[in-house]
Amino acid sequence: MEAEEMELFGIWSSPYVLRVIWALNIKKIKYKYIEEDLNNKSNLLLHYNPVYKKVPVLVYKGKPICESMIIVEFIEETWKNDSIFPKDPYEKAKARFLAKFVEDKLSPPMWRFFTTKGKDQEEAYESFTDYLAILERELEGKEFFGGENIGFVDILLGCMSYVVPIYEEITDFEIITKEKFPLLHAWMQAFLSSDIVRDNLPPRDELLYRYRKIREAFLSKDN
Amino acid sequence: MESHKGVTLLDFWVSPFGQRARIAMAEKGIEFEYKEENLAQKSELLLKMNPVHKKIPVLVHDGKPVCESLIIVQYIEEAWPEKTPLLPSDPYQRAQARFWADFVDKKVYDCGTRLWKTKGEEKEAAKKEFIEILQILESELGDRKYFGGETFGYVDVAFVPFTAWFHSYETEAGFSVEESAPKISTWAKRCGERESVKKHLYEKEKVYEFVCMLKKRLGIE
Chain D
1 MEAEEMELFG IWSSPYVLRV IWALNIKKIK YKYIEEDLNN KSNLLLHYNP VYKKVPVLVY
61 KGKPICESMI IVEFIEETWK NDSIFPKDPY EKAKARFLAK FVEDKLSPPM WRFFTTKGKD
121 QEEAYESFTD YLAILERELE GKEFFGGENI GFVDILLGCM SYVVPIYEEI TDFEIITKEK
181 FPLLHAWMQA FLSSDIVRDN LPPRDELLYR YRKIREAFLS KDN
Chain B
1 MESHKGVTLL DFWVSPFGQR ARIAMAEKGI EFEYKEENLA QKSELLLKMN PVHKKIPVLV
61 HDGKPVCESL IIVQYIEEAW PEKTPLLPSD PYQRAQARFW ADFVDKKVYD CGTRLWKTKG
121 EEKEAAKKEF IEILQILESE LGDRKYFGGE TFGYVDVAFV PFTAWFHSYE TEAGFSVEES
181 APKISTWAKR CGERESVKKH LYEKEKVYEF VCMLKKRLGI E
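Residue numbers (the numbering used here), protein chains in the order written: chain D, 1 to 223; chain B, 1 to 221.
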């Protein structure tokens, strides 16, 4: 397949875009990447995603697919090599459930933790560490949530592997340590060093700068 | 872990999320045991089968739980592949179906709830938003019989339970689905003629009775 057949609209810092990139890497699919400016969205992006006007958008043979989880499922169903999902319907349902759990339950308190201070921050911290414990249990006996290989849940959770150390550095909190969450800690290292992820991460310095600015903006709003 | 064979659905009578599962199984001719939950006093079985969210619906198939309504519907689709498919076979068409079911999931219930839970400006804003949501869905439906095209499909299953709430939404917020989104209104009536939908959705008056009871309980005028 020519790279032109597959286009990915994204922004460098978006964890949602990275999910799609990792999935494309698992399947060894070539693609053309188009960086968007969210303050000045291209006509093409607005044409391809009129409902949400967001990235990522995958365009395959001129037809757009939107929403990162849906894009990953599309990639799985179109290319049969290197499965991202389990084959068994029950195991697949479990993977989808865990992925939705990450999106709906884990992410909001983590964001709240990062954008608040004092009591709000502490409550958010308690909240998401409870949820991390659920994920820790799911990893028992496995290197990745997908088993021996990176799968759907790993992809969905993946951004945590590089965002959590940044949160830890900026807030001075311990979040995922070897002592607190040994399996998740090991998972993070395994994920970050894997072939499909290693060379496809946003530059750390730029991310650190960006996240610092985000936290400052939120905290100054409260004053 | 319960080891009995068969399908059980832990559910709550008026829940549109539970109805998605009921309708999907009815469309596919899958027999199941329905178990009504008392949400004020959740059963041990529910808490065991859905310890993370403690919510209905939960599908228990041969003792194993599946949670979250759209995940349940996709599971039903995949575990009974020989039965009438709800999703198209083409991956791109499947992605479109998932996109629109996800849109319904993200938008309809939350905005709909605000139509009866809020007052004044907030309610007006919710009404405007809800009409926009209906019109976006109408634009997607176009002149087709169903969201699934000629056949009743995944997006239809995802959205149809909310048609039983249209009357409540209209009454509470002061608008008409038929006026704001006539094709959605026609689609709702067409779906209402299907056996699966007739069997598993409650009459609009009963749903409204439920909404009024909730309002009273929450102290909303």
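Please keep in mind that the hints were generated in silico from the structure rather than gathered at the bench.
Don't take each hint at face value.
Using 25 Å as the maximum straight-line C-alpha spacing, the simulated DSS-like pairs for lysine-lysine come out as follows [claimed, not checked]: (1) B/Lys215 - D/Lys92; (2) D/Lys92 - B/Lys117; (3) B/Lys64 - D/Lys87; (4) B/Lys64 - D/Lys92.
Okay, the calculated bits of chain B under chain D, using three or more residues with CB under 8 Å as the criterion [to be verified]: (5) 23-35; (6) 107-121.
Being a predicted model, the structure only gives us computed values, none of them experimental.
Glycine included, C-beta positions come from ideal geometry on N, C-alpha and C.
Evaluation of the provided hints:
1. Proximity of B/Lys215 to D/Lys92 is assessed by CA-CA distance (about 39 Å); at most 25 Å being required, the pair is judged violated.
2. At roughly 36 Å between alpha-carbon atoms, D/Lys92 and B/Lys117 are farther apart than 25 Å, so this suggested pair is violated.
3. Taken as a hint, the B/Lys64 and D/Lys87 pair is honoured in the structure, with Cα atoms around 17 Å apart against an allowance of 25 Å.
4. Under the criterion of a C-alpha separation no larger than 25 Å, the hint pairing B/Lys64 with D/Lys92 is consistent with the structure, at around 13 Å.
5. Beta-carbon proximity to chain D at under 8 Å applies to 0 residues in the stretch 23-35 of chain B; the threshold of 3 is not reached and the given coverage is violated.
6. Counting residues of the stretch 107-121 of chain B whose CB lies closer than 8 Å to any CB of chain D gives 0, which falls below the minimum of 3, so the coverage claim is violated.
Comparing the model with each numbered hint stated earlier shows that hints 1, 2, 5 and 6 do not hold.
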